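Using the sequences and the accompanying hints, generate a full structural model.
Chains as they are written, first to last, in the numbering used here: chain A, 31 to 264; chain B, 31 to 264.
Hints are computed from structural coordinates only; laboratory data are not their basis.
You may find that some hints are simply not true.
All copies of an identical chain are treated as equivalent in the list; a pair is satisfied when it fits inside any one copy or across any two copies.
[What the hints assert, rightly or not] As a list, the in silico BS3-like pairs of lysine-lysine whose alpha-carbon atoms are at most 30 Å apart:
id: 1; residue 1: Lys211; residue 2: Lys154
id: 2; residue 1: Lys70; residue 2: Lys47
id: 3; residue 1: Lys221; residue 2: Lys70
id: 4; residue 1: Lys82; residue 2: Lys102
id: 5; residue 1: Lys99; residue 2: Lys173
id: 6; residue 1: Lys75; residue 2: Lys173
id: 7; residue 1: Lys181; residue 2: Lys83
id: 8; residue 1: Lys47; residue 2: Lys211
id: 9; residue 1: Lys33; residue 2: Lys190
id: 10; residue 1: Lys55; residue 2: Lys199
id: 11; residue 1: Lys223; residue 2: Lys199
For clarity, every value in this text was computed on a predicted model and none was experimentally measured.
There are 2 protein chains.
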Amino acid sequence: MLKYQQIASEIELYIEKHQMQQGEKLPVLETLIKEFNTSKSTIIKALDLLEKKGLIFQVRGSGIFVRRKKRKNYINLLSNQGFQKDLEKFHLSSEVLELEIRKPTEAVAQNLHIDMDQDVYYVKRVRYIEEETLCLEESYYNKAVVPYLNKEIVTDSIFKYIEDGLGLKVGFSDMYMQIGKLTDQEASYLKLKNGEPKLTMESIFYLTNGTAFDYSKLTYNYNQSQFYILGTGI
Amino acid sequence: MLKYQQIASEIELYIEKHQMQQGEKLPVLETLIKEFNTSKSTIIKALDLLEKKGLIFQVRGSGIFVRRKKRKNYINLLSNQGFQKDLEKFHLSSEVLELEIRKPTEAVAQNLHIDMDQDVYYVKRVRYIEEETLCLEESYYNKAVVPYLNKEIVTDSIFKYIEDGLGLKVGFSDMYMQIGKLTDQEASYLKLKNGEPKLTMESIFYLTNGTAFDYSKLTYNYNQSQFYILGTGI
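Here you go:
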C-alpha cells in the first residue's frame, strides 16, 4: 500500500469511528499535512482517492466534507472488493456447481481479448446471503493470467486469491447491466419462478496494466438486488 | 470551463475523431505538456479527469492508454448529463404529466435534507425513446435552490436549465437501485403489464457545494434498461 492510500484509509477509519455525518467538515489541508507529517501532494492524492470512492466532497475555498450512504444493506455497485465488505453483517456463502478448463466461446474470447484456442477457467457458482439465493454467477478467467484455480479457492474469494496469492493488481472494470425475465434454468438455480424479474450484470475485469482477466455474468435474485452508487459527477 | 477540463475534452475529442481502440497508447506526458503548452500539473489533472470518466487508464512507467466501451445503445449509469449524450442517435422526448409546487413527504424531506414546511417542485414525466416508453420519472426539486420551473423547461432538459439558466454547478449524486415488479399504475404509464420486471433508480443530486437539490425516482421499462459503467476500480 502506498503512503497516500495508507493515509486515505486512516481518514476513512476516522470518519467511521467518529460516525461523522453527511456534510460534517474535516480538518483543513494544512492541519492534515501536519497531522500526517507528509507533503501537500500526498494529502491531495489521498483526498482525491477518498473523493473518487464517494466518501468526501471538496468545496473550493470552503473545505472538505463527509459523504455518507444513508441506507443499509445495499451492495456497492462500483466496488471490486466483492460483497463481503458491504454485507458484512450477513452470512455469505458460495456453492460451486462447476469448475473446469475450457476453450472460450466467441463471446467469451472477445470479452477477454483472447484467441479461441486459448484456455479459460470456467466457474459456475450460486451465491447465498443467509439462507437465500443472491445470484447465479458464471465466470471465465484467462488461464494465461490465472494459471491455477481449485475448489477451495473458488469456494472462498477468487479475487483475494488473485491479489494475495498471485500478487496481481486488479485495476478497472467494464460493466453492462440489463433487466429481463428469468429463464426456467436460471429460476431453478435461484429458487424463483420462470418469468420473474432478473438483473443481469456482465463485468470485464482488468489488471492495472490493462489486461482483461475475468469475464463474469451474474444473474441476481430480484429480492436481493439492492445496489448503491456514490457517484462523483462526471 | 477550467483549463484542465478544456484539455480533457480536447483529448476526448481526439480519441473519438481518430476512433482509437481499447489499449491504444496516447502520447507521453512530456509530449502532451508541449502540445497543449501548459504545466505538468494541469495535464495530470486533465488525465485524472479522463481516468475518472473511464476514458483512459494510466500504467505507471508504461504510458497512457485508451478505454472504450464496446457496446452501443447502453446508457451511462454514472453520467449526470442525462440520456441525450448516450442515446444521441435516437429520438428522445418527454411527456409532462404533472408540474406543481408542493410540501414534501417525510421521505422527500429527508432525502433533500429540508424541513417539511419548505416548498418543492414536483415533476412527473414519462420519457420516451423513439416511440417506446423509457421510464416514468418523479422528481422533487428544492424550491430554495431551483426557484422557478415551467412546462417548457421540464419538457426539455431540467439540468441544462439549472446549469445554464441558473448558473448552478451540479456536483455529485447518491444512487439507489432496486429490481422489482411493476404495479398496475406504473405498468399503465410504461405500457407494460402488471407484475413485469422493473428497475427503480432513486437519485439524490447535489450541487458542488454539497446542497441536495433534486430527489428523483425513475421506474424503467425493462425492455429499455441497458446500462453500462466504466468502473475505475476502488
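Under a CA distance limit of 30 Å, which applies to Lys33 and Lys190: within one copy, between copies, both, or neither?
within (21 Å within a copy, 40 Å between copies)
Regarding Lys181 and Lys83, is the shortest C-alpha distance of 30 Å or less found within a copy, between copies, in both, or in neither? neither (32 Å within a copy, 37 Å between copies)
Cα distance capped at 30 Å. Does Lys47 pair with Lys211 within a copy, between copies, both, or neither? neither (42 Å within a copy, 38 Å between copies)
Can you tell me if Lys75 and Lys173 fall within 30 Å by alpha carbon in one copy, between copies, both or neither?
-> neither (34 Å within a copy, 36 Å between copies)
Copy assignment of Lys70 with Lys47, given that the CA separation must stay at most 30 Å
Within one copy only: 25 Å inside, 37 Å across.
Classify it for me, Lys211 with Lys154: is the Cα-Cα distance of at most 30 Å met within a copy, between copies, both or neither?
For Lys211 and Lys154, the Cα distance is within 30 Å both inside one copy (20 Å) and across copies (27 Å).
At most 30 Å between CA atoms: does that hold for Lys55 and Lys199 within a copy, between copies, both, or neither? between (33 Å within a copy, 20 Å between copies)
* Could you place Lys82 and Lys102 in one of the four classes (within, between, both, neither) given a Cα distance threshold of 30 Å? => Answer is both: 20 Å inside a copy and 26 Å across each meet the 30 Å cutoff.
### Task
Go through the copies and call it for Lys223 and Lys199: within, between, both or neither, with a Cα cutoff of 30 Å.
Neither way: Lys223 and Lys199 sit 39 Å apart in one copy and 46 Å across, limit 30 Å.
Using 30 Å as the alpha carbon limit, work out where Lys221 and Lys70 are close: within a copy, between copies, both or neither.
-> neither (54 Å within a copy, 56 Å between copies)
I want to check one pair: Lys99 and Lys173. Are their C-alpha atoms no more than 30 Å apart within a copy, between two copies, both, or neither? Between copies only: 24 Å across chains, 38 Å inside a chain, cut-off 30 Å.
Checked against the numbered hints listed earlier, the structure breaks hints 3, 6, 7, 8, 11; every other hint is satisfied.
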